[in-house]
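*Asks:* Whole structure, please, built from the sequences with the hints as guidance.
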Amino acid sequence: MSLDLIAQLQTRERTGAGCVAENGFCPDWIADNWDRYVDPFWEHVVLTLASVAIGFAIAFTLAVLAHRRRWLVPPVASFTGALYTIPSVAFFFLLQPLTGRGFNTALVALVCYTLLIIFRNVITGLAAVPEEAKDAARGMGLTDRQLLWRVEMPLALPEILAGLRIATTTTVGLAALAFFAGAGGLGAVLEEQPFFRSNVVVAGGLCVVLAAVLDLIILAAQRALTPWRRAATA
Amino acid sequence: MSLTLAFLGDFGGAIDFIFQQRDSVSGGVQIGGLGEIGDFGAEHLKVSAVAMAGACAISIPIGLYLGHRGKGEFTAVTVSNVGRAVPAVVLLYFFIAYLGIGFTNVAAVLFLLAVPPILTNTYVGVRQIDPQIVDAAHGIGMSDMQVVRRVRLPLAMPTIFAGIRTSAVSVVATATIAPLANVQTLGEPIVTPQTYGFEGQLGAAIVVTVLTLFIDAGIGALQRGVTPKGVKLAGESPEKRRWFSLPTRRREVAT
Amino acid sequence: MPPTNTDPEEDSSGGVAAATLEFREATKRYPGQDESAVDHLSLQVPAGEICVLVGPSGCGKTTAMRMVNRMIDITDGDILLDGTSVRERRPATLRREIGYAIQQIGLFPHETIADNIATVPKLLGWSKDRIRARVDELLELVSLDPHETRDRYPAQLSGGQRQRVGVARALAVDPPLMLMDEPFGAIDPINRERLQNEFLRLQREIRKTIVFVTHDIDEAIKMGDMIAVLQKGGKLAQYAPPAELLMYPKSKFVEDFVGSDRALKRLALQRVKDIDLWKVAEVRVGEPEREARAKLNDADISIPLLVDDRGRPLGWLSQEGLAGERVQEKLRSKAEPVIDLDDVLRDALASLLVAETQYAPVVDASGRVAGVLSLEVIGHFLHDAPAESRTGAELVEERE
Chain A
1 MSLDLIAQLQ
11 TRERTGAGCV
21 AENGFCPDWI
31 ADNWDRYVDP
41 FWEHVVLTLA
51 SVAIGFAIAF
61 TLAVLAHRRR
71 WLVPPVASFT
81 GALYTIPSVA
91 FFFLLQPLTG
101 RGFNTALVAL
111 VCYTLLIIFR
121 NVITGLAAVP
131 EEAKDAARGM
141 GLTDRQLLWR
151 VEMPLALPEI
161 LAGLRIATTT
171 TVGLAALAFF
181 AGAGGLGAVL
191 EEQPFFRSNV
201 VVAGGLCVVL
211 AAVLDLIILA
221 AQRALTPWRR
231 AATA
Chain B
235 MSLTLAFLGD
245 FGGAIDFIFQ
255 QRDSVSGGVQ
265 IGGLGEIGDF
275 GAEHLKVSAV
285 AMAGACAISI
295 PIGLYLGHRG
305 KGEFTAVTVS
315 NVGRAVPAVV
325 LLYFFIAYLG
335 IGFTNVAAVL
345 FLLAVPPILT
355 NTYVGVRQID
365 PQIVDAAHGI
375 GMSDMQVVRR
385 VRLPLAMPTI
395 FAGIRTSAVS
405 VVATATIAPL
415 ANVQTLGEPI
425 VTPQTYGFEG
435 QLGAAIVVTV
445 LTLFIDAGIG
455 ALQRGVTPKG
465 VKLAGESPEK
475 RRWFSLPTRR
485 REVAT
Chain C
490 MPPTNTDPEE
500 DSSGGVAAAT
510 LEFREATKRY
520 PGQDESAVDH
530 LSLQVPAGEI
540 CVLVGPSGCG
550 KTTAMRMVNR
560 MIDITDGDIL
570 LDGTSVRERR
580 PATLRREIGY
590 AIQQIGLFPH
600 ETIADNIATV
610 PKLLGWSKDR
620 IRARVDELLE
630 LVSLDPHETR
640 DRYPAQLSGG
650 QRQRVGVARA
660 LAVDPPLMLM
670 DEPFGAIDPI
680 NRERLQNEFL
690 RLQREIRKTI
700 VFVTHDIDEA
710 IKMGDMIAVL
720 QKGGKLAQYA
730 PPAELLMYPK
740 SKFVEDFVGS
750 DRALKRLALQ
760 RVKDIDLWKV
770 AEVRVGEPER
780 EARAKLNDAD
790 ISIPLLVDDR
800 GRPLGWLSQE
810 GLAGERVQEK
820 LRSKAEPVID
830 LDDVLRDALA
840 SLLVAETQYA
850 PVVDASGRVA
860 GVLSLEVIGH
870 FLHDAPAESR
880 TGAELVEERE
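Protein sequences appear in the order of chains A, B and C. Counting from 1, one number per residue, gives the positions in the first sequence under my numbering. Counting from 235, one number per residue, gives the positions in the second sequence under my numbering. Counting from 490, one number per residue, gives the positions in the third sequence under my numbering.
A few of these clues could be false.
Stated by the list, open to error - As a list, the in silico DSS-like pairs of lysine-lysine whose alpha-carbon atoms are at most 30 Å apart:
| id | chain 1 | residue 1 | chain 2 | residue 2 |
| --- | --- | --- | --- | --- |
| 1 | C | 754 | C | 741 |
| 2 | C | 611 | A | 134 |
| 3 | A | 134 | C | 617 |
| 4 | C | 721 | A | 134 |
| 5 | C | 724 | C | 739 |
In short, the hints are calculated from the structure, not lab data.
*Replies:* Pasting the structure below:
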């Protein structure tokens with residue numbers, strides 16, 4: 001907590017009056033102190049987006065490899081599943097001997113959480129491509145690579161993006177705990193004044209809004225990239 | 235090289251913390267050792283169990299009813315989506331700020347966390363049962379209650395347990411931060427580094443991890459045990475069901 | 490690669506002429522199985538002809554077809570496309586030269602119809618304009634409206650429409666050879682017949698070499714210029730044109746597979762005008778009785794047929810009609826059914842049976858009597874080899 005803020009609070013406490021003193025929900029205070037949340041908010045955003053991006057890159061690659069080598073699926077699924085089960089807070093601490101405190105620790109942990117979700121969805125999406133479309137594609141002369149990128153990937157896209165949505169909203173939630181790893185974020189602001197309702201509502205609200213906005217963005221992308229599904233139901 | 239040694243050293247200290255009492259960082263108090271860990275663990279399991287019991291008691295019957303009747307798919311999906319969007323920690327702090335601290339409030343938060351996966355999975359598990367089987371059951375002359383109890387429930391078991399498993403893992407993981415609301419679970423050393431030190435934090439982290447993995451594996455075994463043998467033989471393994479936690483719409487297969 | 494086939498015909502679009510295809514002891518064995526899937530299959534498909542592979546399920550017909558474009562690898566023997574072994578070609582490039590249409594069609598759900606059809610042209614690097622023109626041309630060829638269809642998605646079309654798009658897609662780069670695996674199998678019988686007829690009409694225009702797989706012997710007889718009957722274990726039981734297959738089945742298996750009604754099947758391939766009809770005595774009202782009796786001497790049937798002044802049949806004359814000096818209009822029975830010269834023999838037979846009569850007058854397009862068809866005539870036809878054997882394709886073509 002900054003010294004300014006402590007001073008401010010102490011002043012208010014001494015006067016003993018007002019919304020803030022009662023830890024209530026105070027729109028005035030919120031309007032005045034809006035900029036407290038800006039930095040943590042962006043920290044949160046950066047952490048989320050970086051984790052999802054890296055996690056996606058890794059999990060997607062693993063899934064593409066495992067798509068043609070089915071024997072890879074159970075071990076990868078089990079490993080990413082185990083990572084997923086480790087409680088995030090604990091994970092932040094287990095990593096600290098290796099990566100210290102700060103952004104990197106949170107990043108590694110959050111990346112690990114996205115792996116299972118994305119891997120699972122990419123594999124399921126690819127597996128759901130109709131057999132006859134693949135047979136026709138091969139029969140017409142598409143190479144395996146062309147088949148993967150021109151036929152299987154587009155058709156697997158809805159499932160992949162669904163996984164991306166889940167991964168993103170989950171990561172927003174987990175990033176709220178990143179302060180345990182010393183990585184800031186909206187959770188840190190929450191923790192500073194857990195009894196102050198204004199603080200909780202703003203910080204918590206921003207978290208939820210961020211999750212919702214990212215979710216909608218990916219949903220919009222999904223709609224835009226899959227025109228044939230809209231046509232089918234039209 | 236030094237990183238590796240330091241890494242080992244920290245873990246060594248953490249293991250030591252788990253098993254042996256020592257002085258706290260600030261001095262004056264004895265911390266660590268199996269006794270204290272056991273107390274924390276008990277509290278951890280207690281608050282988790284209460285939340286899970288409540289969640290199951292509410293979600294499973296409602297999920298069964300809605301699934302059987304076929305109503306409320308939209309609600310089930312929305313509940314699930316909203317549940318994902320609101321992070322556990324935000325919910326916890328919300329409760330702390332508005333309702334105060336204490337065991338009941340933490341249990342309430344964990345309860346709210348546990349409901350969406352169980353409710354959704356119960357609903358989906360029931361919906362996904364082949365309608366012809368249900369039809370046949372009605373045709374033989376089973377009453378509604380009997381159909382639910384003897385046909386829908388057993389066949390939906392694997393999916394329901396997948397939901398319970400997901401919830402349990404979430405709950406136990408989130409119970410780690412319960413000390414923020416004054417409930418002293420295994421997270422206590424983590425949130426009070428000034429008393430417990432880094433080795434304490436790490437030790438607690440290890441215990442929590444092991445506990446969660448254990449519970450996950452345990453429920454997984456339970457899930458397999460509860461899957462009717464015929465279903466297992468048909469290839470509907472619990473492993474596949476585990477990957478569910480959301481309803482999926484039946485894919486449109488267009489040629 | 491210059492086509493080495495002997496058929497000088499080029500298809501209407503001026504593209505590559507049809508290729509010849511040869512199976513040379515082609516064999517497919519799967520590890521761990523005693524019986525081969527395809528066992529030393531040898532046959533030659535002339536350019537521009539439809540060769541139907543037909544047989545019970547498990548006989549290897551689909552396997553044999555898929556060996557041509559190397560979707561299934563050849564264990565032994567060879568398959569030669571225009572004289573070149575397919576084993577020497579890179580699978581992907583080979584397949585781009587061969588049209589491929591499968592039962593479930595396999596259109597790409599995520600692409601428009603136009604993009605679906607343009608798949609191989611795009612692979613070969615055709616220009617956008619050329620592709621667009623070709624897509625429109627192909628859609629018209631399969632009786633679909635280009636403007637309406639090209640921007641739709643497969644899910645928006647009916648099953649029959651998708652089938653046509655599948656054929657169009659297979660024809661996209663005007664390949665010298667086409668492989669079709671039960672392409673009409675997933676369609677209801679009414680539309681299937683329509684599609685079969687349209688396809689035969691199309692083939693008259695484009696004259697492609699086609700390998701067509703079906704399990705339906707009736708479809709085989711209708712569609713094929715040459716039919717290869719395969720039996721379990723991938724062995725060739727007989728390879729012959731349809732009429733020869735029906736008349737001279739080489740083994741009990743072929744006989745059984747073709748069906749005990751193979752005689753009737755032959756009738757489906759023949760028209761009334763193709764066989765020798767009985768001569769009949771056509772008499773008119775008021776004709777001198779002596780003339781009428783003279784005509785009877787010449788006729789093959791002992792009952793005179795009363796016709797009007799335009800030669801159209803009125804009925805079979807009774808004894809009383811010939812009693813007096815001149816022919817009177819006294820009929821023993823009406824001249825029903827009346828068979829048309831263009832009728833397919835099987836339908837004519839059905840008419841005779843339904844009317845419970847052994848013979849009926851046959852008329853030409855203007856309604857004039859041309860002769861009499863009787864069960865005996867049909868029986869004679871079935872006994873003797875016809876002067877020329879017909880195919881289902883020719884039958885359809887004449888119908889227009």
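*Asks:* Give a verdict on every hint.
*Replies:* Comparing the hints with the structure gives:
no., hint, in the structure
1, C/754 <-> C/741, "holds, 17 Å"
2, C/611 <-> A/134, "holds, 17 Å"
3, A/134 <-> C/617, "holds, 25 Å"
4, C/721 <-> A/134, "holds, 28 Å"
5, C/724 <-> C/739, "holds, 13 Å"
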